[in-house]
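Line by line, the protein sequences give chains A and B. The first sequence begins at 1 in the working numbering and counts up one residue at a time. The second sequence begins at 1 in the working numbering and counts up one residue at a time.
Hints were generated in silico from the structure; no laboratory data involved. All residues carry an ideal CB built from backbone N, CA and C; glycine is no exception.
Covered stretches of chain A, going by a simulated chain B footprint (3 or more residues, C-beta under 8 Å):
{"#": "1", "segment": "303-313"}
{"#": "2", "segment": "341-350"}
{"#": "3", "segment": "382-389"}
Some but not every residue of chain B turned toward chain A, in silico, with C-beta under 7 Å:
{"#": "4", "residue": "V17"}
{"#": "5", "residue": "I37"}
{"#": "6", "residue": "K39"}
{"#": "7", "residue": "Y57"}
{"#": "8", "residue": "G58"}
{"#": "9", "residue": "C59"}
{"#": "10", "residue": "A60"}
Below, each chain spelled out in residue letters.
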Amino acid sequence: MKVYADNAATTKISKKALQAMMPCFETIYGNPSSLHSVGQDAFHAVRDARITIAECINADPDDVYFSSGGSESDNWAIKGAAHLMAKKGKKHIISSKFEHHAVLHTLNALEKEGFEITLLDVYENGIVKPEDVKNAIREDTALVTIMYANNEIGTIQPIGEIGAICREKGVLFHTDAVQAVGHIPIDVQADNIDMMSFSGHKFHGPKGIGGLYCKKGIRLPNLIEGGAQEKNRRAGTENVPAIVGMAAALKDACDNMEENTKKLIAMREQLIEGILKIDLSRINGDREHRLPGNVSACFEGVEGESLLLYLDLMGISASSGSACTSGSLDPSHVLLSIGLVHEVAHGSLRLSLCEDNTPEEMEYILEKLPPIIDRLRDMSPLWEKIQKERTK
Amino acid sequence: MEYSEKVMEHFTNPHNVGKLDDADGVGEVGNAKCGDIMKMYLKIENGIITDVKFNTYGCASAIATSSIATDMIKGQPISEALKLTNKAVVEALDGLPAVKIHCSVLAEQAIKAAVKDYYDKNGIEYDEAEFHFNEEHHH
Ligand SMILES: Cc1ncc(COP(=O)(O)O)c(C=O)c1O
Ligand code: FES
Numbered sequence: 001m002k003v004y005a006d007n008a009a010t011t012k013i014s015k016k017a018l019q020a021m022m023p024c025f026e027t028i029y030g031n032p033s034s035l036h037s038v039g040q041d042a043f044h045a046v047r048d049a050r051i052t053i054a055e056c057i058n059a060d061p062d063d064v065y066f067s068s069g070g071s072e073s074d075n076w077a078i079k080g081a082a083h084l085m086a087k088k089g090k091k092h093i094i095s096s097k098f099e100h101h102a103v104l105h106t107l108n109a110l111e112k113e114g115f116e117i118t119l120l121d122v123y124e125n126g127i128v129k130p131e132d133v134k135n136a137i138r139e140d141t142a143l144v145t146i147m148y149a150n151n152e153i154g155t156i157q158p159i160g161e162i163g164a165i166c167r168e169k170g171v172l173f174h175t176d177a178v179q180a181v182g183h184i185p186i187d188v189q190a191d192n193i194d195m196m197s198f199s200g201h202k203f204h205g206p207k208g209i210g211g212l213y214c215k216k217g218i219r220l221p222n223l224i225e226g227g228a229q230e231k232n233r234r235a236g237t238e239n240v241p242a243i244v245g246m247a248a249a250l251k252d253a254c255d256n257m258e259e260n261t262k263k264l265i266a267m268r269e270q271l272i273e274g275i276l277k278i279d280l281s282r283i284n285g286d287r288e289h290r291l292p293g294n295v296s297a298c299f300e301g302v303e304g305e306s307l308l309l310y311l312d313l314m315g316i317s318a319s320s321g322s323a324c325t326s327g328s329l330d331p332s333h334v335l336l337s338i339g340l341v342h343e344v345a346h347g348s349l350r351l352s353l354c355e356d357n358t359p360e361e362m363e364y365i366l367e368k369l370p371p372i373i374d375r376l377r378d379m380s381p382l383w384e385k386i387q388k389e390r391t392k
Numbered sequence: 001m002e003y004s005e006k007v008m009e010h011f012t013n014p015h016n017v018g019k020l021d022d023a024d025g026v027g028e029v030g031n032a033k034c035g036d037i038m039k040m041y042l043k044i045e046n047g048i049i050t051d052v053k054f055n056t057y058g059c060a061s062a063i064a065t066s067s068i069a070t071d072m073i074k075g076q077p078i079s080e081a082l083k084l085t086n087k088a089v090v091e092a093l094d095g096l097p098a099v100k101i102h103c104s105v106l107a108e109q110a111i112k113a114a115v116k117d118y119y120d121k122n123g124i125e126y127d128e129a130e131f132h133f134n135e136e137h138h139h
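I would like the entire structure built from these sequences, with the hints used as guidance.
The following block contains the structure:
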């Protein structure tokens, strides 16, 4: 059996998205900037995609900008807002400890430029406290950027509450919603979101395409100078097939969200229940406020990369935040941010599901996982130590 | 990052996994940074390593290096085993990704630590310098 359980890394493109894209290669191949009818067809395709996406997040289509993906949108929004506000003497940014590197590394770069960064705690359950945001806001705060849902442990942040605080205090608010868009209901207006990043390939759209919602009135500096695309702010001929595919994928995801969520939560809980039967295992992050398809677990005495590769040999694709998979020799900053010690973070496994997965596949994972863990523990000197300490 | 077929072969079916209850020398080394641990058990007769087993907590390359390094020293005189370098281990595995080279150092060190334990237990004199390794030197 083949089980793809790494949908937080990327997803398979949906049939609807693929179908919508094909004509963009074959017949709607014009340049949206051209005035002839071939170009106008492409122009309409891009316009319609923008409207579709805006509807899915309750935004004005004028406020939706296309980009190459989540990383670009994060960079654009954060650097742009920082530089915009620096002109008013505001050089303080609030974020959280467990943001994606697209955010954290951007903040590092800004720190080197002289911005002051406050990274909020996310506590044991992996959730930012809105009152911490409130207390951290100062006269010179330029921006608050807090992710909508965490990519590793799946915890959903109180974005509506944080948005309300920022709006009340008059501080710009950006959210990296790459893991949330298409997975949970999002309303940028109700949540008081000023800027929001999203990425097509996380909801069964194509890779290398994403977007930024940027509320009217926020004049972000241009990202790419050139033609008039994206209202002059990001020049370059649009990736029409990808834009159209992303919109179709998002519409499909939002149309079926309720049904998909039910199915996903049932599978997620099936996995969690089975995993918790394994000795010295734990589930990371809040049990309730989490993405419907996210299971993040740790198994003591086991190293994550080995676990992941043995699962792969059984046809199961998953991921791990272990030090050995990171290339940097440090376990994932997300797992450390919720207070896990290195040894425990080292044995992490993330299974991220989508609606194409089945309960039978969950059974298969739960059948294959325990013997692999036993096998790794049998050859683990760390497990030997843990066992000795337990019998003491 | 990509592993060679040889690495995957040894990772999938590692040789010499286990413990030796009657080991003559046991060595345990750890990589303080990524937290991995390798434990080596040696059975030694007349200066020859007649049996060897290992336990490893670490990534696929740590397991594969343990497997191939134990193969390489089994049946060898101690003097030969001490000459085993991590470079030779990496070559025998048809290479390791750059970020994984440090894993191969563990195998070399675990063997040395086990031989040192054997020397210590049996009052055999040795040159301290040969066993002086800094666990952090590869970082
Ligand atoms: C939370 C989060 N932000 C940003 C990104 C980056 O998105 P992209 O791969 O589209 O650049 C990802 C994807 O890994 C993510 O999970
Ligand atoms: S043992 Fe940790 S990276 Fe290889």
